[in-house]
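Peer 1: This is what each chain is made of:
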Amino acid sequence: MSVALDFYVHRESWLHRLDPRVKLWGMLVGFATAFLLPSLIVQGVLLLGLHLLLLGNGIPWRVLRGLWRQMALLIVLILVLQPFFAPSGDVLVAVGPLRLTVGGLVQAGLFATRTLAIAFCVGALLFTTDQRALVQAFVRLGLPYTWGLTFSLTLRFLPAIQQLFVTVREAQAARGWVAEGNLFRRFREYLPVLVAVIIGTLRMSDRLTLALAARGMGAPAQTPDSVSVQRTVWRDLRMRSTDWLVFTGITLGLLAISFWLFAFKG
Amino acid sequence: MSRNVDIGRMTLIALMGALIFVLTVLARIPIPATNGYVHLGDAAITFTAYAFGPWVALFAGGMGTAMADMLGYPQWAVFSLVIHGAQGLAIGWLVQKRINTLTVLLSVVIGAAIVVAGYFAAGTFLVGVGAATLELLPNTLQGISGGLIGVPLYLAVRRAYPPLEARSRRNA
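So the sequence lines, in the order shown, correspond to chains Z and L.
Numbered by numbering that gives the first Met the number 0, the letters in the first sequence go through residues 0 to 265 in order.
Numbered by numbering that gives the first Met the number 0, the letters in the second sequence go through residues 0 to 171 in order.
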């Protein structure tokens with residue numbers, strides 16, 4: 000099983016080209032909409048809009064279906080359980096203390112559509128944004144570059160540590176290792192595998208530290224006459240007119256929601 | 000030449016984060032009685048907290064589990080970042096001065112309590128109290144397993160890999 004954490008679907012659409020900071024802002028406004036407007040119609044429109052946006056920008060249906068499949072069990076659980084925990088309004092069915100009500104069903108529907116809307120908001124960002132661009136966006140938004148580098152290193156070393164884990168487990172299995180019995184016995188059986196994986200990871204970390212130090216990582220950037228200089232980047236993010244336009248549209252949408260909530264909902 | 004970045008700590012956070020991710024996603028012990036499984040991500044967080052203290056555990060634990068959630072449960076990622084970060088921070092803080100029976104017991108109980116209470120609160124907010132209640136038992140088992148595997152794991156690694164002591168002191 001491979002656990003590569005790359006959801007990016009390469010396309011040449013306007014959404015793919017959009018500045019990742021604007022997409023992050025859009026995702027946050029999507030979250031706010033899902034939480035601030037508890038209406039099945041609004042949540043449904045948001046969900047439909049996200050699907051149309053992604054499909055219109057070249058994300059294949061199989062990718063969206065994959066996300067639906069991952070969410071399916073949770074959605075079923077919400078729809079089955081939530082109505083009985085928050086009964087309100089007309090009673091449809093009553094069995095002992097359990098009451099299935101219209102209000103309960105509506106609330107379950109709201110929780111389900113909101114969860115889906117949040118998942119697809121995250122999907123809209125991850126399916127259309129390259130990992131490096133996303134890390135760079137966070138750094139441009141104020142995250143210290145060392146944190147951005149730490150996150151990039153984690154992504155970079157996922158396959159290596161996954162391979163280490165699989166190799167150790169297979170090597171132990173070849174020597175007759177098997178995790179069987181009750182839960183505590185299984186925990187104990189896993190220890191030799193985990194010890195070897197952790198020691199391998201720590202050695203990897205030592206080598207990486209040396210490699211970074213050898214390349215001058217962390218050394219203060221100074222000119223020969225000891226004047227500190229700003230860090231530079233190879234490819235910088237720049238807001239284009241389309242980015243500003245979309246950013247303005249999203250912000251106006253948020254302001255409209257806030258105004259509507261303030262004026263009509265108190 | 001002075002350095003303003005602790006490269007050793009940075010690479011440690013990055014690689015322990017990756018390890019926590021891998022053990023969350025790949026190392027799953029089936030529980031035949033419930034037809035479910037316990038993953039070893041919490042054990043890796045406990046190990047990290049014991050070995051490298053609260054700050055490395057805070058960042059590696061939060062980042063590793065949030066990334067693991069991205070694989071199938073993206074709506075939980077932010078909550079996992081906070082909950083497992085807090086779990087690592089609390090465990091690391093409890094055992095950073097001394098490791099004895101009391102601090103070990105406290106760290107296991109408090110670590111598990113943070114996971115159970117955190118996910119219940121997040122679940123009630125996100126998916127409703129019904130689905131959140133259903134997760135109470137598996138989360139309790141998951142949280143306790145973190146301590147039950149993580150503490151012996153730390154002791155075993157410390158025995159098998161003496162340089163761990165020096166690294167622990169450096170990063171505490």
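Simulated from the structure, these hints should not be mistaken for laboratory data.
Heads up, some of the hints might be wrong.
What follows is a set of in silico ranges between Cβ atoms, one per label pair, in the way DEER data are often shown [claimed, not checked]:
1) Y36(L) <-> Y144(Z): 37 to 47 Å
2) R10(Z) <-> P162(L): 18 to 28 Å
3) Y72(L) <-> D205(Z): 40 to 50 Å
4) R206(Z) <-> L154(L): 17 to 27 Å
5) L154(L) <-> L99(Z): 48 to 58 Å
6) L133(L) <-> A210(Z): 20 to 30 Å
7) A155(L) <-> A172(Z): 11 to 21 Å
8) P162(L) <-> G141(Z): 49 to 59 Å
Residues of chain L placed beyond 12 Å of chain Z at every Cβ, according to the derived structure [said to hold, decoys possible]:
9) M69
10) V81
11) W92
12) T100
13) L101
14) L104
15) I109
16) A116
17) G117
18) A159
We put the CB at the ideal spot given by N, CA and C, even for glycine.
Peer 1: Against the range 49 to 59 Å, how does the distance between the Cβ atoms of P162(L) and G141(Z) compare: consistent or not?
Peer 2: 36 Å, violated
Peer 1: For A116(L), which was marked as not at the interface, is the minimum beta-carbon distance to chain Z over 12 Å?
Peer 2: Given a closest Cβ separation of 18 Å, the condition holds.
Peer 1: Evaluate the condition: distance from the CB of M69(L) to the nearest CB of chain Z exceeds 12 Å.
Peer 2: 6 Å, violated
Peer 1: Is T100(L) truly not at the interface, in the sense that its beta carbon sits beyond 12 Å from all beta carbons of chain Z?
Peer 2: Answer for T100(L): holds, closest chain Z Cβ roughly 19 Å.
Peer 1: Check the non-interface label on V81(L): least C-beta distance to chain Z beyond 12 Å or not.
Peer 2: With a cut-off of 12 Å, V81(L) remains clear of chain Z, as the shortest Cβ separation is near 15 Å.
Peer 1: Hey, does W92(L) actually stay past 12 Å from chain Z on C-beta?
Peer 2: 21 Å, holds
Peer 1: May I ask you to check that L104(L) keeps its beta-carbon over 12 Å from the closest beta-carbon of chain Z?
Peer 2: Check passes; 17 Å lies beyond 12 Å.
Peer 1: Quick check: does the Cβ-Cβ distance between L154(L) and L99(Z) fall within 48 to 58 Å?
Peer 2: 52 Å, holds
Peer 1: When you take the CB atoms of R206(Z) and L154(L), is the distance between them in 17 to 27 Å?
Peer 2: Check passed, 25 Å falls within 17 to 27 Å.
Peer 1: Per the stated criterion, does the least C-beta distance between G117(L) and chain Z lie above 12 Å, as a non-interface residue requires?
Peer 2: 17 Å, holds
Peer 1: Can you let me know if the beta-carbon spacing of Y72(L) and D205(Z) is within 40 to 50 Å?
Peer 2: 33 Å, violated
Peer 1: For the hint 20 to 30 Å, verify it against the beta carbon of L133(L) and that of A210(Z).
Peer 2: 46 Å, violated
In summary, the numbered hints that this structure violates are 2, 3, 6, 8, 9, 18.
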